[in-house]
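2 protein chains.
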Amino acid sequence: MEMLKTWADCAADLIAVAAGRKPADLVLRNARLVNVQSREVLDGWDVAVACGRFAYVGPDAEHTIGPDTQVVDLQGQYLIPGLCDGHMHIESGMLTPAEFARAVIPHGTTTMFTDPHEIANVFGLRGVKLMHDEAMLQPVNIYTQMPSCAPSAPGLETTGFEIGPEDVAEAMTWPGIIGLGEMMNFPGVVAGDDMLLAEMAATARTGKVIGGHYASPDLGPDFHAYAAGGPADDHEGVAEDDAIARVRQGMRAMLRLGSAWYDVEKQITAVTERGLDPRNFILCTDDCHSGTLVNEGHMNRVLRHAIECGCDPLIALQMATINTATHFGLERELGSIAPGRRADMIVTSDLRNLPIETVYARGQKVAENGTCLVDCPHLDWPADTRASVHLGKEITAADFEIAAPDGANQVKAKVIGVVENQAPTQALTADLTVRDGIVEGQGPVCQIALVERHKGTGGVVNGFVSGFDYKGQMAIASTVAHDSHHMIVVGTDRENMAKAVMRLAEIGGGVSVFKDGEELALVELPIAGLMSDDFASRVADKAQNMVEAMAACGCTLNNAYMQHSLLALPVIPELRISDLGLVDVTRFELTELFEKDSL
Amino acid sequence: MEMLKTWADCAADLIAVAAGRKPADLVLRNARLVNVQSREVLDGWDVAVACGRFAYVGPDAEHTIGPDTQVVDLQGQYLIPGLCDGHMHIESGMLTPAEFARAVIPHGTTTMFTDPHEIANVFGLRGVKLMHDEAMLQPVNIYTQMPSCAPSAPGLETTGFEIGPEDVAEAMTWPGIIGLGEMMNFPGVVAGDDMLLAEMAATARTGKVIGGHYASPDLGPDFHAYAAGGPADDHEGVAEDDAIARVRQGMRAMLRLGSAWYDVEKQITAVTERGLDPRNFILCTDDCHSGTLVNEGHMNRVLRHAIECGCDPLIALQMATINTATHFGLERELGSIAPGRRADMIVTSDLRNLPIETVYARGQKVAENGTCLVDCPHLDWPADTRASVHLGKEITAADFEIAAPDGANQVKAKVIGVVENQAPTQALTADLTVRDGIVEGQGPVCQIALVERHKGTGGVVNGFVSGFDYKGQMAIASTVAHDSHHMIVVGTDRENMAKAVMRLAEIGGGVSVFKDGEELALVELPIAGLMSDDFASRVADKAQNMVEAMAACGCTLNNAYMQHSLLALPVIPELRISDLGLVDVTRFELTELFEKDSL
Chain A
1 MEMLKTWADC AADLIAVAAG RKPADLVLRN ARLVNVQSRE VLDGWDVAVA CGRFAYVGPD
61 AEHTIGPDTQ VVDLQGQYLI PGLCDGHMHI ESGMLTPAEF ARAVIPHGTT TMFTDPHEIA
121 NVFGLRGVKL MHDEAMLQPV NIYTQMPSCA PSAPGLETTG FEIGPEDVAE AMTWPGIIGL
181 GEMMNFPGVV AGDDMLLAEM AATARTGKVI GGHYASPDLG PDFHAYAAGG PADDHEGVAE
241 DDAIARVRQG MRAMLRLGSA WYDVEKQITA VTERGLDPRN FILCTDDCHS GTLVNEGHMN
301 RVLRHAIECG CDPLIALQMA TINTATHFGL ERELGSIAPG RRADMIVTSD LRNLPIETVY
361 ARGQKVAENG TCLVDCPHLD WPADTRASVH LGKEITAADF EIAAPDGANQ VKAKVIGVVE
421 NQAPTQALTA DLTVRDGIVE GQGPVCQIAL VERHKGTGGV VNGFVSGFDY KGQMAIASTV
481 AHDSHHMIVV GTDRENMAKA VMRLAEIGGG VSVFKDGEEL ALVELPIAGL MSDDFASRVA
541 DKAQNMVEAM AACGCTLNNA YMQHSLLALP VIPELRISDL GLVDVTRFEL TELFEKDSL
Chain B
600 MEMLKTWADC AADLIAVAAG RKPADLVLRN ARLVNVQSRE VLDGWDVAVA CGRFAYVGPD
660 AEHTIGPDTQ VVDLQGQYLI PGLCDGHMHI ESGMLTPAEF ARAVIPHGTT TMFTDPHEIA
720 NVFGLRGVKL MHDEAMLQPV NIYTQMPSCA PSAPGLETTG FEIGPEDVAE AMTWPGIIGL
780 GEMMNFPGVV AGDDMLLAEM AATARTGKVI GGHYASPDLG PDFHAYAAGG PADDHEGVAE
840 DDAIARVRQG MRAMLRLGSA WYDVEKQITA VTERGLDPRN FILCTDDCHS GTLVNEGHMN
900 RVLRHAIECG CDPLIALQMA TINTATHFGL ERELGSIAPG RRADMIVTSD LRNLPIETVY
960 ARGQKVAENG TCLVDCPHLD WPADTRASVH LGKEITAADF EIAAPDGANQ VKAKVIGVVE
1020 NQAPTQALTA DLTVRDGIVE GQGPVCQIAL VERHKGTGGV VNGFVSGFDY KGQMAIASTV
1080 AHDSHHMIVV GTDRENMAKA VMRLAEIGGG VSVFKDGEEL ALVELPIAGL MSDDFASRVA
1140 DKAQNMVEAM AACGCTLNNA YMQHSLLALP VIPELRISDL GLVDVTRFEL TELFEKDSL
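Going down the list, the sequences are from chains A and B. Just so you know, the first sequence maps onto residues 1 to 599 in my numbering. Just so you know, the second sequence maps onto residues 600 to 1198 in my numbering.
No wet-lab data here; the hints were simulated from the structure. Take the hints with a grain of salt, since some may be wrong.
Claimed, not checked - To give an idea of the interface, some chain A residues facing chain B are shown, with a C-beta separation under 10 Å as derived from the structure: (1) M3; (2) L4; (3) W7; (4) V17; (5) A18; (6) R29; (7) G58; (8) T64; (9) G66; (10) M200; (11) A202; (12) G229; (13) P382; (14) F535; (15) R538; (16) P573.
Stated by the list, open to error - Here are the computed distance ranges between Cβ atoms for each label pair: (17) B:T805 with A:P67: 31 to 41 Å; (18) A:D384 with B:W773: 39 to 49 Å; (19) B:K604 with A:S216: 41 to 51 Å; (20) B:D642 with A:E595: 50 to 60 Å; (21) B:T772 with A:F535: 22 to 32 Å; (22) A:R126 with B:T772: 41 to 51 Å; (23) B:P976 with A:G329: 30 to 40 Å; (24) A:S349 with B:R1186: 43 to 53 Å; (25) B:P981 with A:D241: 36 to 46 Å.
By construction, the Cβ of each residue, glycine as well, lies at the ideal position given by its N, Cα and C atoms.
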């Protein structure tokens, strides 16, 4: 792919094309052009492209056409800017940046602001750089937000690597870094934590954007203190008041529709009913599974949904184009169809249903009728990034034996209670029997273990979980285990647990489901144990197969795999597991597996 | 004045105040707060200020009040952000930055984006730096736009210094430089002039804003080519279509109300009637005389006018606050009442008439009821900047003798025809008689001379002008002589012309009116021959006195002094004078004083 020149570097060419002295590379004629700057539809307009940028946008591009200019008559179809995802995690698709791009380009996404937070926990700054480097190879715009919080819960978990202010300062010098990723440790910001403030300062000093993440319904002084710390946006709002509060504080409200996030409908009423100025509202996905990308769409899905929620199509489109570009200081680079900007645009015949008929990125036709027409180059990922599962020893069933306190025949154990469709777990207890000195799960209570996989310590932390309804002899293991991404294995049977764990060790990470000693499903995620570099459709098929395998084991929970992968995230209440032990997230401290009064 | 810390450097303090751990410096309570981010009026809101920035903006700041906190009960008065002037020239007020600031602070202006284009013609980059340095001393925000076009007409005039791409690149490293000043040479941009493109590229590479100036009604390919070159805004529009065209090209339309510019009323209908998204509209003054500042106001005058033109007061306010801040990449620094921003705000009891009752800048009360309460520090201007009139010799009446071609008794001379209320002049001719070999003005035709004053060459270029209606024996000389700022003297009598010129040489520049050998009026502009460091009210009085003196000489033209000072500006048609000769601006070339057929 030819390097895109800066506007300044090709200004002479753009001027010459617009003035009629030099022919354009591409001219699209007779469009119903959606101008997101003026918020108008301009009938019969033309655009002329040169050097991958818009050279002329106006009523008549005849004078820009030469013998070698490619001319397309749009016959009155709409021409809209390429769509921007204001905040997202590529790893959530279980895909590399290249394969994520290939999956979303046919949906009209031409710009993403992505926080490679997951790989940061596995490979630290180096992992972020690798994601950044692959992102930079793509034919669409993928800007990287430098992860801010690895580990997410310092002192309660051990990550593969940590991120600190020096890492942030270094990342700010990379060409594709657009700002700091979501500052999730909001209690830390409110408390004035030095390290977090240093990360935000390192970002602010380069004039880049500090991403926010205030995941609390409390809109009192703590919220105001968080806003005073510097985060410039937030995608954690879930109610109209959340969105309004953020905008009133001079933050941008990012409204999220991910695979499992449904936060647009509740918040967009701030614009559609309360009449707030829409300029500070931005649409984003945050997390999309490969299945969503393959079957439902990406930002086109979000936009369509926002319109269904009553938002004017032009205003909704601004929320996925120019508002996003302005937020990140890229207004003169992308997000609108105007001279000098990257020629990222979509041909569609309907502004409400938004069929994505043709997609252009940097003036190149990159997709047509759902098919990606362009190469999405892969980075040559270093061998060690494909071998990130370091157990340090062979894990056997014995590693999952939970010894009872001396002499106990029965114990009262703490149990992580999974609740359908809710991110928080419940801190339950269960009376469990002891057999040969070993505590056994029973009924709805099965075993969970966190298997250390970054440093090969051989560490295994055992506990109990309920709510999955697994039956028979089974186990499911995953190296996607937010946020520290060790390995979480849940099972009713220790032999199956050991098999699933060793299977992931063998293939370098992913998800494995075992039943009665046989593998029912496997999703290979060889890169960092988080991502596949296979096509999204194949990953989606395997993920679907995994969901069916979980159901075959008795689990019919909505989004059960997401629940599984979040059980080691010690920032969401109430009870979680980490490599350091069981975590009481209501108190932010490690806790014992057995109740004291159980002896 | 204490240095203002960056948001990042005082984030810990702001967080602590908002969280209630540390008392605020200042709290304003019970405001009707105008939130320009959400476009709402919020009743009963409070703001808390620390480190000169907003720490808390919300419904109740009680928890931020300590024993030493200054608390003001606004009793339901409106609190609005301090006003921003999106583009202006301080020199137009004939005042230094300090005295300009002192004049406009009581009008609620707390931020200006100023292009010191005039001094750039006299002292080059050094002059710009001096203006920048004085601007940086002020208690309000004065950002400098690096002048782009000195000389304005290369080859047709000689300035004191020239500005080139290296100067632009150097200026971009100064702390108070916000971008490139208006790119006036629009034909040069359209033609792809290398030097102009290099200046714009030097600006764009630092991520700063390229100011535009497309002073033509032609909205065809040339206009599009100009937009493709990179200018990000334009204040030269005069009609609704101009504003719409600019916004559609992704430029910001700056609507101008100066002392002599009335471009808001015609263009604001793009918003009020055509319904365009108002976010890309910005209010500015461009040029304000001291008299306007003293008697009518500054940005408050513009805002009031925009509202009178039918604009919603909140939308108009956005055009003078957040829109401007966003345009210059300062949205998180100023332009709204939100955490982290500079605490620049105005207390007013009416959003339509906009009485400016109290003004705060960086949390400090800077004006109340029309009185500036704060020191506006002067730079110690170097001695040579107060001695910028270098004639190289004594100028006498003989220097203004215009020799007739050999043997002629009568000549047909070209005459610069001044037209009331129009910037363009007419290229007239007149049959003039010759006495003792010298051509004499007569009737409406009097003499004009451009006296070189930068390099002491002793150069005097003579010509004829009509339209001022001067009578009797008089002359008026001015070192404000756009854009090269030599000295323009117009007179009916060569002795008076010499006296007026020598008077300005004596005092270091300004405007002098002589009648019958006596000085009728004098405006001293000792700094660069352009500015006074006296109070605005005194400069305004002297300027008024000058206008009355011109009238006493028979001239009753509207804005006659502005006409005078523009007669050497060889970019406005049709006929001008420069240090190189008479300029035919319709052909952009030097021309002879006498018609060829006049011999």
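### Query
Which of the numbered hints above does this structure break?
Violated hints (numbers, rising): 1, 2, 6, 9, 13, 14, 15, 16, 19, 21, 22, 25; every other hint is consistent with the structure.
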